[in-house]
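Visitor: Next come the chains, spelled out residue by residue.
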Amino acid sequence: MSTGTETIVAAPDAEVPPTVGGRVRKKLTSRTASAVSLVIALLWTVPTIGVLVSSIRPENEIKSNGWWNFFANPQFTLENYEQVLFGSRSASGGLAGYFINSLVITIPSVLFPLAFCALAAYALAWTRFRGRDWVYIGIFALQIVPLQMALIPLLSFFNYGVSLGGVQLLPAWDLDGPAKFITVWFAHTCFALPLGIFLLHNFMAELPGDLVEAAKVDGASHSKIFRSVVLPLIVPALASFAIFQFLWVWNDLLVALIFAGGPKNAPLTVRLAELAGNRGNEWQRLTAAAFVSIIVPLTVFLSLQRYFVRGLLAGSVKG
Amino acid sequence: MNFDFTAEAPKLMMLLYGVIAFAAVVGLLLLVLDVLPARKDRWIALGLLAPAGLLLLVGLIVPAIRTMVLAFMNADSSEFVGLENFGWMFTDKNSGMLPDFSSDPVQYGVLLSTLLWVLLVPTVSTAVGLVYAVMVDRARFESFAKSLVFMPMAISFVGAGIIWKFVYEYRQEGTEQIGLLNQFVVALGGTPQQWLLDGPWNTLFLIVVLVWIQAGFAMVVLSAAIKAIPADIVEAARIDGVTAWQMFWRVTIPSIRPALVVVLVTISIGTLKVFDIVRTMTGGQFGTSVVANEMYTYSFRADEKGKGAALAVLLFLFVIPIVIYQVRLMRRRRLEGAR
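First to last, the sequence lines map onto chains A and B. Okay, so the first sequence: first residue is 1 according to this note's numbering, each after it adds one. Okay, so the second sequence: first residue is 320 according to this note's numbering, each after it adds one.
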């Protein structure tokens, strides 16, 4: 990597035409620039390729020589995947079950915040009431509260309910079995709201006011305006927030560790972290398991990248 | 094959209930709003804000206040202990929080390690993202090239942890290496290292993983900012005959400064809360732990709620100066714009 930094410093000095602002195309004809970007691109992809290649190599091959030997001496097997997906739990398998847990956790954890954020953002953008701006600023400010601040009390809220001075105000949730997913949905939904409302509000506030006014003059109710005027126009924003939230929930470890409880409800990330800890040397399983957890978000991401980027830019640059 | 599909059915039913509940709640809300006349904005706003507001109150605001209280209480939250938890953090030599430069290898301690993360991850990822954005801008395969660096953003921290653990994998000297980094070292004639075990450098190897994830974010945002630089500014500079180097420092950087600040701030805040990478790769051992990892361990493994809450409050306190800095910058920019 040290060679990388040297060339980075040297690059703009070299024979590059004065185009760093990005207006002229010739730039990449400069060899240094291409070399630097190639080094970065390699560093950013080769580790993942290593895991992917290893996941389809036989166990004794993975353990005895480097994955790059695969290209000289290709030996292919799907046994690792079969083992991690359908093998018994004790032998670090059973990922298929965790995969389903991940799905069951993620889908509602995306839908609920999506709806609640859209409704709240609409109210903040297109209804008039006293203190509206303060409510918006309050929600905006909540974005800076780390979710760590909420974890301990929220867990005790689920487990013991609310009691004040010895009087039980709300009972414990007492959920077990599949119902335990509800607490995970609840936690993810709460934590998604500040950013979601902020993002969607940004989009909604930019819609032309005449459109909403005209609908009002025609006698449309707010719910009608929301459904048939505003909603269709903010589909791209909804999509970007949905992808954002999907990646966040699917990839989350902390919330799942705390709220999902035991192996029956834990998502892939929890199992993966466990495997990395207990079976750190069984690379044939770790690599296949890692790839099982990566493949869904990667597919979503690569196919919907455009929306994701749009959301990213709206959330960070405008704010 | 001993995968029992029937065992999974209840979970899928739960998913179905969840989706039905979702449809019911949203449908009911819209129905109620339909009945209300459009004139009464106040009531409609209340109805629209109610679900989000309630959830925020129950799931975020009240718990956050409660955590601030817990931070001043003892391990099982039965009595107040004043500033004891914070005193433990900053003065107790055995807490693992403070650096110990006399030990061998040097122990950074949790607080200094976290600081190291927060300083290095934003700067290095932004630098890499910026350089890459500039280099591939308007190149032939630009969008493909960007996807490559952006891709790690879709990978979970846990997944990235495993990917890099594999890169750092160590085999004894003389046997064939299976980790890429050690293979590289051996090929250059060095001896293989236990990258994740040997302090104090192991923290740096963990930091690399987060840089790997965050550089894509920096690259995308900065690339968009670079493309938004007005063509006439670049053109004017070119007519003035500036070199590429001057162009970069005097035109590109000042033009994208707001985006740079946003990227740095966003990544800093994210880095403060880093947990998954440390948890997956070292479990916080070998002197690599950070505040968020300790927070989890004390609150949910060690049953030391007071210390855990105090660590959460510490994270919150760390975020505040970063945000104040950003707000002040934004306000100044807005004032300049108004003039």
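Keep in mind the hints are simulated off the structure, nothing from the lab. Certain hints may be false.
Some chain A residues judged to face chain B by a derived CB distance under 10 Å, without partners named [to be verified]: (1) Ser30; (2) Leu43; (3) Phe71; (4) Asn73; (5) Phe116; (6) Ala150; (7) Gly161; (8) Ser163; (9) Val167; (10) His222; (11) Asp252; (12) Asn281; (13) Leu313.
Quick reminder that beta carbons are idealized off the backbone N, C-alpha and C, glycines included.
Visitor: Now tell me if each hint is right for this structure.
Guide: We went through each hint and held it up to the structure:
| no. | hint | result |
| --- | --- | --- |
| 1 | Ser30 | 9 Å, holds |
| 2 | Leu43 | 8 Å, holds |
| 3 | Phe71 | 14 Å, violated |
| 4 | Asn73 | 13 Å, violated |
| 5 | Phe116 | 5 Å, holds |
| 6 | Ala150 | 4 Å, holds |
| 7 | Gly161 | 12 Å, violated |
| 8 | Ser163 | 12 Å, violated |
| 9 | Val167 | 17 Å, violated |
| 10 | His222 | 5 Å, holds |
| 11 | Asp252 | 8 Å, holds |
| 12 | Asn281 | 9 Å, holds |
| 13 | Leu313 | 5 Å, holds |
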